[in-house]
Amino acid sequence: MTAGTSGSALRTVGIGRVLALLVGTAWLGALALALTWLPVLTIARNRLALGDPRTGSEALGATGALVLAMSALAIALVVSRNRAAAALATLLLLLAILAFGQGLGAGAVRSLAGLPPAARASLGSGSWLGLFLLAGALSLAVRRSRKPGFGLAIGLGLGLALVVLGWSGAFDALSLAVEYAARRETVNAALAEHLALAGAALILAGFLAVGLSLLPQGLVALVLGGIQVVPAVALLGGMVAVMSGLLRAVPILRDLGLSALGPVPAIVAIAAYLALPLWRGLTLALRAPDDDTLQAAEALGLSRGQVLARVRLPIGAPILIGAVRVAAVQGLGLATLGALVGAGGLGRIVFDGMAQFAPDLILLGAIPVVVLSLLTERGLSRVEAAARRRWHA
Amino acid sequence: MSRSRRTAALGFALMGLGLAVASHPRVASWITEALGEPARRPLSVERLLDLAWKHLALAGTGLTLVAVLGIGLGILITRRFAEPWRPMIDGLAAAAQAVPPVVVVALALPILGFGGPPTLLALVAYGIMPVLRGTAGAIAGVAPEVREAGRAIGLTRLQILTRIELPLAAPDIVETLRTALVLAIATAAVGALAGASTLGTPIVSGLQNQNTVAMLQGTAATAALAFLADAALLAGVGGWRAIRP
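In the order they appear, the protein sequences are chains A and B.
Position 187 of the first sequence, counted from 1, bears residue number 194 in the working numbering, the numbering being contiguous throughout.
Position 162 of the second sequence, counted from 1, bears residue number 163 in the working numbering, the numbering being contiguous throughout.
No lab work stands behind these hints, which were simulated from the structure alone.
A hint or two may mislead.
[Said to hold, decoys possible] If you anchor each label on the Cβ, the simulated ranges turn out as follows: (1) A:P321 - B:E84: 33 to 39 angstroms; (2) A:S87 - B:G155: 54 to 60 angstroms; (3) A:P155 - B:R81: 26 to 32 angstroms; (4) B:A236 - A:T32: 26 to 32 angstroms; (5) B:P168 - A:L26: 27 to 33 angstroms; (6) A:A142 - B:W54: 36 to 42 angstroms; (7) B:L18 - A:R52: 50 to 56 angstroms.
[Stated by the list, open to error] In silico SDA-like cross-links for lysine to any residue, where the CA-CA straight-line distance does not exceed 25 angstroms: (8) A:K154 - B:L93; (9) A:K154 - B:D91; (10) A:K154 - B:E84; (11) A:K154 - A:V390; (12) A:K154 - B:R87; (13) B:K55 - A:Q235; (14) B:K55 - A:V390; (15) A:K154 - B:K55; (16) A:K154 - B:P88; (17) B:K55 - A:I234; (18) A:K154 - B:P85.
Glycine is no exception: its CB is placed at the ideal position from the N, C-alpha and C atoms.
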């Protein structure tokens with residue numbers, strides 16, 4: 008028995024080692040493919056035309072080789088499973104990403120030299136694959152280094168360095184930057200609208216969840232579960248129909264500035280979806296303290312309000328924050344669909360790009376949505392973990 | 002649990018049937034006029050059924066891919082050799098969830114063109130991670146003593162998987178598949194934005210052309226499809242459990 012267990016443990020370690028090496032090699036191979044063979048840039052006559060592909064060896068030159076060398080060293084360090092090596096790998100990968108970005112910007116300048124001003128250099132599949140691989144390896148290296156707060160520092164550092172590079176004009180020749188420069192105000196306004204939509208829906212759903220927590224649970228679960236089944240596109244459409252009927256029946260609402268299309272139906276529809284995670288989180292959080300704790304609180308002479316504020320909410324806080332995290336990420340995604348009913352937000356830019364078949368415009372709307380969701384996810388899970396440490400240590 | 006499940010299945014089925022009736026051209030026109038909107042050009046029953054069929058085909062293909070890949074990978078990552086990779090896969094799953102289906106459809110559009118393919122990609126990209134995570138969670142939730150007992154009576158690893166882990170994890174896996182089903186039907190509706198012809202098409206074009214009847218029909222039919230599919234899955238699972246407790 009003992010021999011069998013240790014033998015299989017040994018074999019597991021062996022397979023794990025081989026697997027790590029295999030994955031590392033495959034990663035490096037894919038990166039080399041992305042940087043040398045796939046098109047990292049496509050050069051087009053204008054923003055809608057199809058472009059000519061430029062591979063990494065044409066567009067990046069020596070920078071490509073530098074990025075590849077740094078990445079090879081970094082992945083070797085990550086595979087070695089040493090914590091200090093992983094920290095070093097993190098720095099190398101950070102530099103590799105920045106060098107890659109700078110190289111793409113410079114490559115775009117070179118490729119556009121001598122072409123008419125309407126010509127565009129967009130990022131090709133090689134760039135996206137390369138950036139995805141580098142970002143994945145970076146997050147793995149951060150995890151392997153197991154330093155508390157290191158991930159946050161690296162994330163902030165990367166964001167700051169990219170902003171500085173962008174500010175200095177390193178990316179100005181890339182089509183995405185040109186597109187942004189042309190619509191700076193629209194994009195910024197859409198970003199603000201998007202946050203307002205998601206935020207308003209989250210707050211409305213929060214009130215809804217508090218109200219629903221007073222009703223019988225089985226009924227609420229059935230209704231909220233039923234709403235989740237309805238596709239968002241359908242709920243938005245239904246909301247517009249209901250709103251227009253309501254406005255016709257009660258014309259005073261129209262004087263209050265309500266209309267069938269616009270932010271209101273979108274906020275209500277999004278809140279209807281967010282109510283389930285929030286309500287579930289709230290009921291679980293309120294039930295989190297066990298009976299002994301509650302009896303102890305009672306014995307201390309705490310009133311019901313005090314028990315809620317000092318016992319139930321602190322003990323349930325991590326669950327509650329987790330529910331808010333799920334709802335917030337969901338809300339940011341659903342707000343994209345709000346543009347369908349004229350609520351604005353980043354979805355409007357995405358849909359404009361789809362209607363024009365302009366990839367860079369789609370990206371201009373899509374990238375902020377993804378970044379916002381990821382930041383919210385990471386940020387709130389940090390708060391959740393902190394709350395868990397604070398009250399459950 | 003099973004009673005509330007049966008109530009839910011019955012409720013969803015009734016809801017779906019009611020919505021399907023509401024999507025009928027005559028009923029939808031009547032509702033639209035009751036709402037005070039002019040009822041122009043409702044969709045015929047044939048067109049609605051055709052769209053529903055295409056919607057189901059797209060969502061079904063996506064769900065099949067998601068189920069096979071998601072459950073398969075979920076089983077793989079719960080094997081012992083994959084243990085060191087779990088955090089990375091969980092991180093990837095969280096990152097994939099941060100990209101909403103509309104955005105995946107939009108991003109795939111320039112690469113795959115208009116129609117079904119970008120929608121299918123979005124379906125798979127968005128659905129696979131919850132199923133993978135759900136499957137892995139369900140298998141990890143199987144009590145270690147049961148697994149140990151299986152090893153003690155001399156079952157091979159494959160037998161432990163097929164005779165102990167999967168049957169015990171099945172209820173939770175089905176629950177994740179329900180989520181995936183609802184997601185698949187919703188994403189297929191969103192696919193109308195990329196030109197896939199589904200029940201989302203009348204909603205999107207109805208919103209653009211202010212054709213309230215068509216929009217209402219699309220809305221009711223999409224929701225009906227989602228409710229009926231979910232009820233069918235619930236009822237199917239209930240029946241299967243009754244045969245094999």
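Task: Agreement of K154 (chain A) and L93 (chain B) with the hint, judged by alpha carbon distance not exceeding 25 angstroms - done: Holds, because 20 angstroms separates the two Cα atoms, which is no more than 25 angstroms.
Open item on the list: Please verify whether K154 (chain A) and E84 (chain B) have alpha carbons no more than 25 angstroms apart.
Closed with: holds, 21 angstroms
Open item on the list: Need the status of pair K154 (chain A), V390 (chain A): alpha-carbon distance at most 25 angstroms?
Closed with: Distance of about 18 angstroms is within 25 angstroms: holds.
- [ ] Compare the distance between the alpha carbons of K154 (chain A) and D91 (chain B) with 25 angstroms, and conclude whether the hinted pair is satisfied.
- [x] Between K154 (chain A) and D91 (chain B) the Cα gap is close to 19 angstroms, so the pair holds against 25 angstroms.
Task: Whether the CB-CB distance between L18 (chain B) and R52 (chain A) falls inside 50 to 56 angstroms - done: 55 angstroms Cβ-Cβ, so the 50 to 56 angstroms window holds.
- [ ] Starting from K154 (chain A), check that the Cα of P85 (chain B) is at most 25 angstroms away, please.
- [x] The hint holds at about 18 angstroms.
Open item on the list: Taking the Cβ atom of A236 (chain B) and the Cβ atom of T32 (chain A), is their distance within the range 26 to 32 angstroms?
Closed with: Between A236 (chain B) and T32 (chain A), where Cβ atoms are some 49 angstroms apart, the hint is violated.
Task: Hint consistency between K154 (chain A) and R87 (chain B) [alpha-carbon to alpha-carbon, up to 25 angstroms] - done: Measuring from Cα to Cα gives roughly 19 angstroms; hence the hint holds.
TODO: Quickly compare the C-alpha distance for K154 (chain A) and P88 (chain B) to 25 angstroms and report which way the hint goes.
DONE: holds, 15 angstroms
Task: Verdict for P321 (chain A), E84 (chain B) (Cβ pair) under range 33 to 39 angstroms - done: holds, 34 angstroms
Task: Hinted pair K55 (chain B) and I234 (chain A), Cα distance within 25 angstroms - done: It holds: about 23 angstroms lies between the C-alpha atoms, which stays within 25 angstroms.
TODO: Starting from the range 36 to 42 angstroms, see whether the pair A142 (chain A) and W54 (chain B) falls in it by beta-carbon distance.
DONE: holds, 41 angstroms
The structure fails to meet hints 2, 4, 14, 15 from the earlier list, while all remaining hints are met.
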